[in-house]
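Colleague: Protein chains in written order, with this note's numbering: chain A, 1 to 246; chain B, 1001 to 1265.
Hints should not be assumed to be uniformly reliable.
Now the in silico label distances, taken between C-beta atoms and shown as ranges [what the hints assert, rightly or not]:
no., chain 1, residue 1, chain 2, residue 2, range
1, A, T194, B, S1056, 25 to 35 Å
2, A, H78, B, D1234, 29 to 39 Å
3, A, A67, B, G1055, 53 to 63 Å
No lab work stands behind these hints: they were computed from the structure.
Everything numeric in this text was worked out from a predicted model, so none of it was measured.
Note that beta-carbon positions come from the ideal geometry of N, C-alpha and C, so glycine has one too.
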Amino acid sequence: MMKSIVGAIMAAVLMLTLTLSDRMAAQEGPEGNRAAPSPRDISGFWELSVDGSNVPAAVLAPGVTSAVLDAQARKDAHAIRWCNILGLQHAMGSSRPIDIRQGARMIVIATEVNAATRYLYLDRRTHINREEFDPTTNGDSIARWEGNVLVVDTVGFDGNKGVTAIPGGGFRTADSHLVERYRLLNDGSLLAVTFTWEDPKVFRTPHTYEFRYQRLPQSYEPRPPLSCDPFDEERTRFLTGLPEAK
Amino acid sequence: MRRSRRAFLLFAAALGIVVALTIWQAPTASIAQRSESIAARPDLEGGWVRIDPEGSGSFGGLTSKFPRAVLTPAAAAIPAGRDPDDVDPDAKPHGPGDPYIVSQGRCGGPGGAGGIEPNSAALFMVQTDHEVLLTREGPGGRHIYMDGRAHPDLTRWTPTPLGHSVGRYEGGELVVDTMGLTPGAVTAGGRRTAETRLTERYRVTSDGKKLTITYTWNDPKLYQKPHTYSLEFDRLPPDSYAFEGWCDSSDPLQRQSIVPPAQLQ
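In isolation and in its complexed conformation, chain A is listed as follows (with noise of 0.2 Å):
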């Protein structure tokens, strides 16, 4: 009689648990916290890691010669001494994660650094005309979706504007255009991010590197953009002056 209950006890806990399990396997995701999500569904938080990035040196056209080289940076330092708007190429390498959410009709990145939100319309095809929209240190961006791959389109850059190094080499100028390519790796716990960079004037052949962002956990929660004040003059001596060997 007791072995009966005991059983009968046993068989109980037993169906309880395989359906607990079923239904929580069913709700989790690869860490435990998520759903699986969509191979077409990119939202979440993304962190680039030191070992995150594959970039091979660019291929420079002919013109773009050491003092062209040393110009930019000058630009670039001065975009980074006097607090500018960092741009694209800033926001994408961010040391920080970055927030990427999906709408219907557009896909916004916002990062935590001093680089302008991007939007990646979703509802468009065809880029603002030029003689309308003013250059700017993202540009206009279009996306579309190939199979499980989000193409990502954008021209409009200003080549003078912000931080405008290009990962690899070369900058980015008025005549650069950029096509990324998104991908889910790894169950969703990876994005892949192919940045192509064309430009005549600054590659001799399309500019090809790629960025893996591994997925933070939902209750990631960011924090505030460093503040940078352009006016503090022993952050202008830090970055202006050579450094002192004591």
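Fit chain B to the given chain A structure using the hints.
Modeller: Same frame as chain A, now just chain B:
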């Protein structure tokens, strides 16, 4: 004996099925409730621009018509600071030819996303299940967590200009609850501290073209009654796009004064 053992096993199996079905139904019910909540959520996605429905001539003029905050004596003793909508700190009119400085040209200040209340620059929103993201035409964003999390322990929180915001959908509105803000001034004579609770209600008209955000500030140490006012917005047309605010502190034009021109009569 064998019959009674079989009966117990049958009973156990039936019990297991009943309990399993109960557990199965519980999350299903919560999913149904969530679906209902999502169905009731307003479509806030896209760009919005703040308007002056009163014809006040400026946002400062508009907010001066708002009901003034009814402060406690302790709050009234706190220096008011600068009204968030007061562009001109000395708040005196400047006639034609009377120059005044409107900006120190200081780029890169902390906070990002332009503060809690949108100014004349457009406001953009994207809604996802876990977060509603509010952004502007510069760096940063305002993150409204929609996953049911609580506010952090304020004793371990460093106040920020945007505070900590959690949201929910209620009656077709987005309701946002914010705490942990940096101390300072609030529109129409209000004050705030990290403990002050701000409730915002985002309501879209049935045609989807207009948005009202109602702000209610609650803090028994500061207010004798909740301090409430609303801002109105128009939805940007479908073919519009976000501008990019530019700031260069090295540009002398950024710090120049404004000289009001003579007005046409």
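Colleague: Of the hints given before, which are not true for this structure?
Modeller: When the structure is compared with the hints, only number 1 turns out to be violated.
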